[in-house]
Amino acid sequence: MSTWTESDEPTLRWLRDQGSSFLPETWNLQLGLRQSVELAAEVPGLDSEQMDRALTRLHEHGLIDGRRQETTGYASWSGLRITARGMQVLGEWPDLDQLTSAVGMKMLLDELAKSAADTEDQGALRRMVGVIGEVGEGVALNALNTAAGDLGGEVGGD
Amino acid sequence: MKSVATNTATHWEAAALPVLQQLVEKEGALRERGLLQLGLGQEGAKWLGLDIDDGELFDTLHQLQDLGYVSFNLTLESGPGALFLDLHLTGRGLQVLGEWPRFEAWSSPATLAAFAEQLAQFVSPDDRTRLERAAQYLRSQASGAIKRAAIAAGSQMARNALGLP
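Here the protein sequences come in this chain order: F and X.
Numbering follows numbering that gives the first Met the number 0, in which position 49 of the first sequence is assigned residue number 48; successive positions increment by one, without gaps.
Numbering follows numbering that gives the first Met the number 0, in which position 69 of the second sequence is assigned residue number 68; successive positions increment by one, without gaps.
Excised from the complex, chain F in its bound form (with noise of 0.2 angstroms):
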């Protein structure tokens, strides 16, 4: 467990799970801090301090925008929203620089070699990891726009 799991990803999913807030209405979130804290509605486990520090954590890694005023007992933001990069990091956006490139391949091949229910499958598929590591960026490259273009189209690699 790390804070990112306990708190920072579970905020993160719940302003995911809003609408937006400027449209149909505005809503801003007012937490409260120091003799103002109390449990946080909004993310069960959290209180509001601990809310206000995982939407700042968010706000300084890009993860989300919006304006945070602060006032004696309170924290209030405003203009809150998902970022693009925090679509990517809760895997609702593609990165299509990452994907079209060889990492982005190994990446793809251990996510499914993670889901092979044959443990000979997921050997399989991890060799094949090993194997473009192995040739190179290039060679791995151009092997698969040979695929793609036999199958109709060229891919990637530029």
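No lab work stands behind these hints: they were computed from the structure.
Note that this is a predicted model, so its numbers are computed, not measured.
Be careful, since some hints might not be right.
As the list claims (entries may be wrong) - If you want the footprint, here are the derived chain F segments under chain X, 3+ residues with CB under 8 angstroms: (1) 22–28; (2) 68–80; (3) 120–131; (4) 136–142.
Said to hold, decoys possible - Per label pair, the in silico range of CB-to-CB distance: (5) X:Arg-91 - F:Thr-118: 35 to 45 angstroms; (6) F:Asn-27 - X:Gln-135: 50 to 60 angstroms; (7) F:Val-138 - X:Pro-124: 30 to 40 angstroms.
As the list claims (entries may be wrong) - Lysine to aspartate or glutamate pairs mimicking EDC-like chemistry, simulated, CA-CA at most 16 angstroms apart: (8) X:Lys-45 - F:Glu-133; (9) X:Lys-25 - X:Glu-42; (10) F:Lys-105 - F:Glu-133; (11) X:Lys-25 - X:Asp-85; (12) X:Lys-146 - F:Glu-133; (13) X:Lys-25 - X:Asp-50.
For glycine and all other residues, C-beta sits at the position ideal for the given N, C-alpha and C.
Here the structure of chain F is known, so what remains is to put chain X in place on it, guided by the hints.
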């Protein structure tokens, strides 16, 4: 606040990609109109031919702007409402629209299986057998499952870049 409807498609496929596609489709009409209006009674998303509400379009346009795929000047109004002026796809946005079909082809079971067979030319006979097994496995997968795995892999790369688990 309201809950956003969720389904099995990623937000990219359900909202972002259709927004990019409709901005191309409606490019002329948008230029003629001069702006896109979102908010009560405006139904800007519907005008663009999208099956999402104006709030989701508002956020999605900002996310597309985060990556430099679209450009606009924004005026916010009480009401609330939003005027997107000079809204258009950038060169990068057009490139992404071109890349997406390439990505779909790249992540198809047939392409990945053929890729494994191509790689088999470079390895020892023992490894060749394993790559042929990999090809067989990849060919048996549904394209949707591979696409989801590809997006999950992208998510992991984004997390790695930020030092997140």
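Here is how each hint holds up against the structure:
1. For the segment 22–28 of chain F, the stated coverage by chain X holds: 5 residues have a C-beta nearer than 8 angstroms to a C-beta of that chain, and at least 3 were required.
2. Look at the segment 68–80 of chain F against chain X: 1 of its residues bring a Cβ nearer than 8 angstroms to a Cβ of that chain, fewer than three, so the hint is violated.
3. Coverage of a stretch by a chain is defined here by at least three residues with a beta carbon nearer than 8 angstroms to that chain's beta carbons; for the segment 120–131 of chain F and chain X the count is 8, and the condition holds.
4. For the segment 136–142 of chain F, the proposed coverage by chain X is satisfied: 3 residues have a C-beta within less than 8 angstroms of a C-beta in that chain, meeting the threshold of three.
5. A C-beta distance of roughly 42 angstroms is found between Arg-91 of chain X and Thr-118 of chain F, which places it inside the suggested range of 35 to 45 angstroms.
6. The given range of 50 to 60 angstroms is respected by Asn-27 of chain F and Gln-135 of chain X, whose C-beta atoms sit roughly 55 angstroms from each other.
7. Between Val-138 of chain F and Pro-124 of chain X the beta carbons are some 19 angstroms apart, a value that contradicts the proposed interval 30 to 40 angstroms.
8. Note on Lys-45 of chain X and Glu-133 of chain F: the hinted pairing is violated, with a Cα-Cα distance of about 51 angstroms set against a maximum of 16 angstroms.
9. A distance of roughly 15 angstroms separates the Cα atoms of Lys-25 of chain X and Glu-42 of chain X; the hinted pair therefore holds under the 16 angstroms criterion.
10. Proximity of Lys-105 of chain F to Glu-133 of chain F is assessed by CA-CA distance (about 12 angstroms); at most 16 angstroms being required, the pair is judged to hold.
11. Taking the CA atoms of Lys-25 of chain X and Asp-85 of chain X, the gap is about 13 angstroms. The hint holds against a cut of 16 angstroms.
12. For the proposed pair Lys-146 of chain X and Glu-133 of chain F, the alpha carbon gap of about 25 angstroms is over 16 angstroms, so the pair is violated.
13. Straight-line distance between C-alpha atoms of Lys-25 of chain X and Asp-50 of chain X comes to about 15 angstroms, which keeps the hinted pair within the 16 angstroms bound.
The structure fails hints 2, 7, 8, 12 (numbered hints given earlier, in ascending order).
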